[in-house]
Structure formats: structure tokens, C-alpha cells
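Engineer: The chain contents come next:
Protein chains: 2
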Amino acid sequence: MTHPLLEKHRATLDGALHTIATRSYWSAYNEMPSPKVYGENAPADGKKAFEAHLGKRFELDQPGVRGWYEGEHSPYGVDLNVHYPICDHEALIAAGQKAMEGWQQAGVAGRTGVCLEILARLNAQSFEIAHAVMMTTGQGWMMAFQAGGPHAQDRGLESVAYAWREQSFVPGEALWEKPQGKNPPLVMKKHFEVVGQGVGVVIGCGTFPTWNTYPGLFAALATGNAVVIKPNNSAVLPAAITVRTIRAVLAENGVDPNLVSLCVPGDRAATQKLVTHPAVRMIDYTGGNTFGQWLIDNCRQARVYAELAGVNNIVIDSTDAYKAMLRNLAFTLSLYSGQMCTTSQAIFVPAAGIDTDEGHKSFDEVCTDLGQALTSFLAKPEVAHAVLGAVQSPDTLKRIAMADSGTLGHVVRSSTQLENPDFPKAIVRTPVLLACDASDEHSYMEERFGPISFVVKTADTASAITLSERLVATHGALTVGVYSTRQNVIDAMTRATLRAKVALSINLTGGVFVNQSAAFSDYHATGGNPAANACYSDAAFVANRFVVVQRRYHV
Amino acid sequence: MTHPLLEKHRATLDGALHTIATRSYWSAYNEMPSPKVYGENAPADGKKAFEAHLGKRFELDQPGVRGWYEGEHSPYGVDLNVHYPICDHEALIAAGQKAMEGWQQAGVAGRTGVCLEILARLNAQSFEIAHAVMMTTGQGWMMAFQAGGPHAQDRGLESVAYAWREQSFVPGEALWEKPQGKNPPLVMKKHFEVVGQGVGVVIGCGTFPTWNTYPGLFAALATGNAVVIKPNNSAVLPAAITVRTIRAVLAENGVDPNLVSLCVPGDRAATQKLVTHPAVRMIDYTGGNTFGQWLIDNCRQARVYAELAGVNNIVIDSTDAYKAMLRNLAFTLSLYSGQMCTTSQAIFVPAAGIDTDEGHKSFDEVCTDLGQALTSFLAKPEVAHAVLGAVQSPDTLKRIAMADSGTLGHVVRSSTQLENPDFPKAIVRTPVLLACDASDEHSYMEERFGPISFVVKTADTASAITLSERLVATHGALTVGVYSTRQNVIDAMTRATLRAKVALSINLTGGVFVNQSAAFSDYHATGGNPAANACYSDAAFVANRFVVVQRRYHV
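Chains as they are written, first to last, in numbering that gives the first Met the number 0: chain B, 0 to 554; chain H, 0 to 554.
Bound-form chain B, shown alone (with noise of 0.2 Å):
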């Protein structure tokens, strides 16, 4: 079972296959925007074939085209003024059903083969696509780069790994030989073919339209599906040219390039006949709780791999790193202004205050420590612009003028606004910080995605743990993390989130945050509590998008 694309890849899938079982550091492409790694002039012929864009058509070649949208607006108040082609569902739709004959057809080796070769040629435009990530969602550069381009493509790496892992798992033919005692053996050929379940949707998000897409397009693809990706509105531009590429990838290798294709809805109404399409086996979403449980609701047909809101938080019981914490606890706070799934929203602290090594903090202290750290942390404009990047959309605005009016709780410190020399027109905001009492649920148990977060103050550490392991059990959550230098309030809060299903960080205070989630060594999401029904990347977010058919006869 093989192909010369996996022959020729085999390496970067066997580093894949190496690493999802050992989950030890691993990355096939390399995180360092260095013209040393991806060429001298990469830097520029990718900032050039971005800009090559912009106010064009962006020409596909898909079927069904009924107009053109042009709808994106960059939180860096950049023009784009991209023009998108806005097919009919249903044309995309047959076509990737007519597609997938010959995608199956490519068996097990081939698809992943193709696979490969299509991460390899993203990996290549990561510049190109990290423009177009940076100036759709508001990323920062180094985190456009880095998360749009190879975080992504390792996250699609190993989807495919997993997919392959399954797939190859199932033998194309077996020789079955049942004895009968004294008379000859019953005697059966079996084949047995891997068929993908059907057509998949992808519905891209506004902040990470490539680090939240990718997942589930290779999933669905690896495992001979057609898919149909719906980007966020907002954030088209870095699907746009991840499906062309795909699209020329396929096609250079015989496949039917409308296995993939770009739908950009004309409206809700489109989008929902899009989803709710008998053909449709599979959705992956990323984005918020209405819209996803409408999905959940109405999509009956398909299998629903959903990344929810949750509320993420931290205990703080006792450090012996009091500065470091703090840093690391900014840094989180500030990164992408917040406008993470995985960024911390709650963070409890015992009424009494907590010990360091600084000695005993009280509540009070912690707050305006935890404020003062933020504001120093951001001191520096190139720092703070780095680190922010710009507010991707007008809710988030929105959240963070009320957070700020203290209707929320005790403002420790406010947001600010602050002036981009690179790009004047960009909406940057700092974190808000405030402070609330446990009792204040309204306020700190929902998500409030952006950059607010909450100082909670329970009555001790066990009732903070206790008030963790609901929160996720009731409303979710990607990440939790824990202070403590006492092994007994790390063994309790193991046990809580062992629970609770969520994953959790031990006194980060270096330069690993909560919020970070490395591929094929951290699990991202676990698929048991309310923020996710899926993780990237296990067995499950593969086995479900394929079936086995067999075929047997007598020999």
C-alpha cells in the first residue's frame, strides 16, 4: 500500500506517527518566520502574493458562481476589498459527491500521499498565508505566522496521522479459513474498502481561520470525503488560498478539484440549507454556543464535531514564584488581546490571600499585583502591539466597554486604548481586569471572549477547586490551570479535573502558557465537557468520518 506522494513524504508522516503515540516535541514545519528556513526571499514573495490580492477577484474555478462578496474588513483598518465567488451549496455540493468516487478510488496511501504534498505546498506559502491571517483576525505577526501557518499545518499533519493510523489499520483483503474437523475448511477472500461517510462542512472562525479549520478538513479529506469549507465572514481570504492550493494539488494529481471547494454564503438562509443537506455526514465548527447548538440541533444528518465557549480559569492557592507567575499569567491575558478559546477568564484566589515567596499576598494584593503586571508587561508600544495584535470584531469592542464600567465587578484595572504606528486605523485594546466575589456567577461563569478576565474570590482553596470543577462540568472549558506548592491542592485539583474532563497546566511560569496547546503532544480540548464534543486530534475525530465495506466469496 503506497504512492509516490507518500513515498516522498514518508518521513514527515512516520515523525507524525512517531510522535502522536509518544506525544513527546515534535514539529514537521518550522515555527520561525527565518528566511534561513524558508528561504531568502520568502519573506517578501509572500508579503507580494498576499498583496497580489488584494481588490481582485479571487478566481476559483468552482461551479454554481452566482455573484462575488467582499465583505472582510481587517481589525488592522487595512482595505482588502478581496472578491470572493458565492457558489450555489447545492452546485459545490454534487460536485464533491462526483468527486469522491475517484478520491476513494486513491485508496488509503494515495490520499494520504496527496495529503501530505497539500501541507507541504501551505507550508511553503506560510508568509502568504500568514498576511492573510494577521490582517483578517488581527493576530499579531509572529502569531499570524506561527499559529495560521505551521501550528496549523501541524495540527493538519495530525489529523492526517490519525487518519492513517485508522485507516491503514483495516487490511484491503484477508484469506479466511474456518476448519470443519475432518472435512476440508470453509474457505473465504474478504476485501474490505475504506469509504469516506460523505461530504463535510467546515465552518471557519473569525480568529484562527486556519488553526481551527485545518483539523477537520484533513480529517474529513484523509478519510475520502468531499469538503465544502465555510469561513467566517470576516476571515475568508486565508481559506480563499488554502483551497486553491488544494484545489491545484488535487487536480495535478488526477483528482477532481471540486473534492474541495469555497462556500461563501450569500446570506443565513444559504448557509443553513448548506449545513442541514442530506449529503452533509460531518460538520466541524469553531465558534460560539448559538450557533453551534443550532448545529447541533438541525443537523441531524451529520456528525457534529463542535468547539463551543467555556470559561476557562486557574486556582491560585500558593507560589514560590510570585513575579514569574504573574508574568506568565500577563502574557496569557494579553496574547491575541485574549481572543483565544484557550485564554483564562476566571481566576480564583482565597479570600485570605495566598503564600509566596515573596510572602503572604492578600486578595487585594494579588489583584492590583496581577494589574500592575499587565500594565508593565505592555509598557513597551512594540511589545503591546506585538502581543495584542487588534480586536477582531465589534462584540468584542463591546464586551470590553462593559467590562469596563464596572458593571461586571470591581474594575482593577481598565482597558486601554492604544495608537498603532503601522497601521493607524487598528483597534487595539489592553486586557480589563476585575475582581468579583464567587457568589457573582452572572458575571464570571459565561464566556466573555476577549480580553476580560476575572479575579474570583472563593472562601479557601478546596471551595476554589470545588467551584473549578463545576464551572467546567456546567459551562466548559478548554484550559485550567494551577498554583500551588502544596502536592495535596495539585492532587485535588488532578482528581477535580480528572472529573471535569479538562486538561491542566501545574504552575506554568516560564515561557509554556495556559494557553498554548502544541500538536500531537497537548490535547486540545478532551471532547467531555461543554466547550468541546471533540478533541484535536485522537482516534475519535478520524474514526467516526470513514466506514469499512466488505465484499466475500468462496475460493
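One or more of the hints may lead you astray.
As the list claims (entries may be wrong) - Simulated coverage check for chain B against chain H, where a stretch passes if three residues somewhere in it have a Cβ under 8 Å from a Cβ of chain H:
1. 487-497
2. 502-512
3. 524-535
4. 539-549
Since the hints were made in silico from the structure, they are not lab data. Note that CB positions come from ideal geometry on N, CA and C, so glycine has one too.
Given chain B, put chain H in place with the hints provided.
Structural biologist: Same frame as chain B, now just chain H:
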């Protein structure tokens, strides 16, 4: 990662793991009800053990007992009069949840070892369970022993093997070391725990109370979940014996026996409360579409693994072994009076007839010859009773009467009533065979569970294949067959079944039958057509039943 019971049964697990990878022939549990295999006294002891249950309370020491149930009715007309505890579902769920923590701490090796021990103990009880299955379902003795005992145990083991493969792939811990150029690497220790999703409910059917229960039971159990078994009201005893054995093995190994319980609900409302309970995270169901669809629509808190109704069908184009084909079909239609989810219901034959090794046979001749083959096959009473068994449900009797009346099609062969000398009150009916036109879709295009089959006249072979594909895609099927001497017909049928996602048996004329599915080799259902959304067994059957919860810290 090991455990004494895992080591004890290592060869069994290895055999299963090897065979799910090769899909060749293997069985862990001997299918011959022979004293040489099971011990000199096993047949007598098993019968005695079965009889010891009759007319008594079946004590299980479960919490929340509210009353006793005694509604079983034997298709053989034997008085069973066993009394089962009716337990409050809330008490069973709460006790199951409580037991889960210890079960999780047993780890993958411990859980797998205990599951293997349970299967070995159930295997030793095969005679006892066979009598219980026979008397509650109406199966013939040989089928009750094989399908109810070793074959069901094989299917349970298959689930354990898949669960082991997926869970053991998750490393317990990892050292993550990320290079930082000239700086020291970032180093983290990570721990990964496999955690069950929650309580599983397994809803048994009246015809195969172990074969269709063990896959979900062992898949849920091996992956760390508590399990509540809700048997069919008319086939409780096989489930009750199973639950008692499991609870004994759990207790012997220091696990709270309430991890697995038997729930005989007092009424329909209690069943609905059980399956919609928020703690219930997975439901395995085999049975009719009405309740199955109700479960899918209403148990939104759980993943539902459903095997529903279908219309299994066969396309006959031509054959070089006419008599052997008819004999093979006669056995298939007669086995357990067609009360199998895999029994063929629609047999498509071209209007112009078929070419055979005995010359051309007209459509009418094929009908007549198949009817005659049934009559000949069932001519000897001892063969007839051994193969037919008894009719399990009054509904099936009604369906037979309706088919016999001729309202569904021309009666080629009427059902006849047989007297079973060993069981004078047994309800025994031979198969009814009808003929109809392809356009009579209302007759043959819905499941008519029981010994009722249609020879359906199609325009030609091509339209028969098209019809088969549409039938599977719209109404579902677990099995499809084709008889043809022409490769292009077999190829067309192969393509049709790949599209409709159903298993195909080609030219079965010997000792294998389309309605048989061998554990470890044959996938039972694909999960890709309306007859079932899951498969015995594949990775998808186990992968969603657990999550991985990680924790990480710097070292």
C-alpha cells in the same frame, strides 16, 4: 502497563488483536457444545444451573430495589417464572457513577484484564446461558449455544481488543522538550489519563440478548464506563446471568460491583427516564426503528449506537450452481425463522429469468424452485425444529399471517405450523415466500421481521442492482448478496454496495450464509446506511467512549 488478569489472558487478547488486524479466521471461544471442549459435566451442570433459576427470585444485591418483575414468556411455551429486581434507575446510575472512579484507577491494563476474566467466566457458563437464550428467544439449541455463548463472547472480546488498541495507544506520560535555539530547551512532564465518558446504557433485544448486548457492554466497560443493562422484557435471564457474573468478578478484584447493573424498569416512563438521564453518556441499542429514533431524538446528552431495521436483499443474475444456491438461500430464510437482523427479505430476479447450470430458469421457476427448496430443506422435523426454533413475538406471528393472506404479494409458499414434540406449546412456523413486482414497493420496502421474504421481479439485472442500491441507501441493510457468473455484474454490484455502504456476499452456495457474520473478520453493519449508525466492531465503536485528560508541568 500490566495487571495479573491481563497476563493470565494475554494470549486471548493477542489473538484478538492479531485477528482484527488481519481479519482472518480466529475464535477465542469454542463454538462446539461438546463435553470434550467444555468438560464432561458441563452440559448437565449448565442445564442444572439454568433450571435452578426457574420459579425463583434472581438476587443481584443491587441498590434501589422497588419490586420484582416476572413477565418473561418463552416461545417454547416453557414456564420460566423467574423474578428479577426492579430497581430505581436513579439509584443504579448513582451507584454506577460512584463505582467509576475506582474503575478508572484500575487503569487500561486492569480494566482490560478484568474484562477478559469476565469473558472467560461467561464462556465457562456457555451451557447455562445457552439454555437461557434458547428458552427466552425461541432460538434452536445449536444457535442458542453458538450465537448466545461463544459467538457473543467473541464479539465482546472484539470490543475489548479495539478498546485496548485505542487506549493503550495513549501514553501514560511524556517528556516534552522543545529546543530554544542557543537557550536551554523548554521541558515539561505531561501525564495522560484515559477517562470514561460516563454511564452507558445497553438496551438488549428479544432475539439476541447476548450477541447484540456484549459488543456495547464490553466497549463501554473496557473504556472506563459504568454500564446499566436494560434487557428486553421477554429476554431478561441471559442478561441477568451475565450481570451476576460480571458483578462477581468485579467484586473479586476489588471493584465496586455496582459498576454494572441490570435495570428492569417498572414501566415505559422509567425506561425513558433512564436513557435521558444527564449522567448517561452512551446508549447501545438494537431493535425497531420507532424506539430507536425516539432514542436518537430524545437522548441528546448521549451518543447513541443504534442497530435498527433494514431490508436485506439479494440480486440473482445467474449461477453455475442452481441447486446449491437454492439450498443456501433456503437455509438463510429458515434459520431462526428469519428472526435475524441479517436475514434476506427481498430477492431480486430479472423478469426474463436467469441462466443456470441447469439451463435457463424463468422468474416463475425461480420462485417455485426456491419455495420447493424451503419445503425440502424443512421436510425432516428434527432438521426443521433445530433450524427454525420458535417464533419469539406475537407481532411476528401477525406479520406471518398477513403475508400468508396474500395482501402483500402472490403467495409462492405458505407458512405452515409445526408441532415440536419436545416442546408441545412451542410456536413454530415455516417461512412464507411471496412474489411481487418491483413496483410493489409498499410490500417489500419495509422490514417485515420474521420468516417473510419476497422474490421481486425486476426489469433486468441492471435495474435490480439499481433497486438494491436505492433500497439500502433509503431503508438500510446489514447484508446484501449477489449471484452471478458474470464479472461485470459482480463489479457493478460491488460499486453499488460501496456507494450504499453495505456488506456484500458473492455467490454463497456452500457452508457460509449471507446472514452470518464472524467476529474479528466480518464487520457487522457498516454504520454508513440507515440500518445502523455503528459497526461491530471498529475503532469508531470504542473511540468516543473515553476521553484523554492531560496535565503538564515544568521539570
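Engineer: All hints are to be evaluated individually against the structure, with a verdict given for each.
Structural biologist: Hint check results:
1. 487-497: holds (count 3)
2. 502-512: n = 10 at 8 Å, threshold three: holds.
3. 524-535: holds (count 4)
4. 539-549: holds (count 7)
Violated hints: none; the structure is consistent with every hint.
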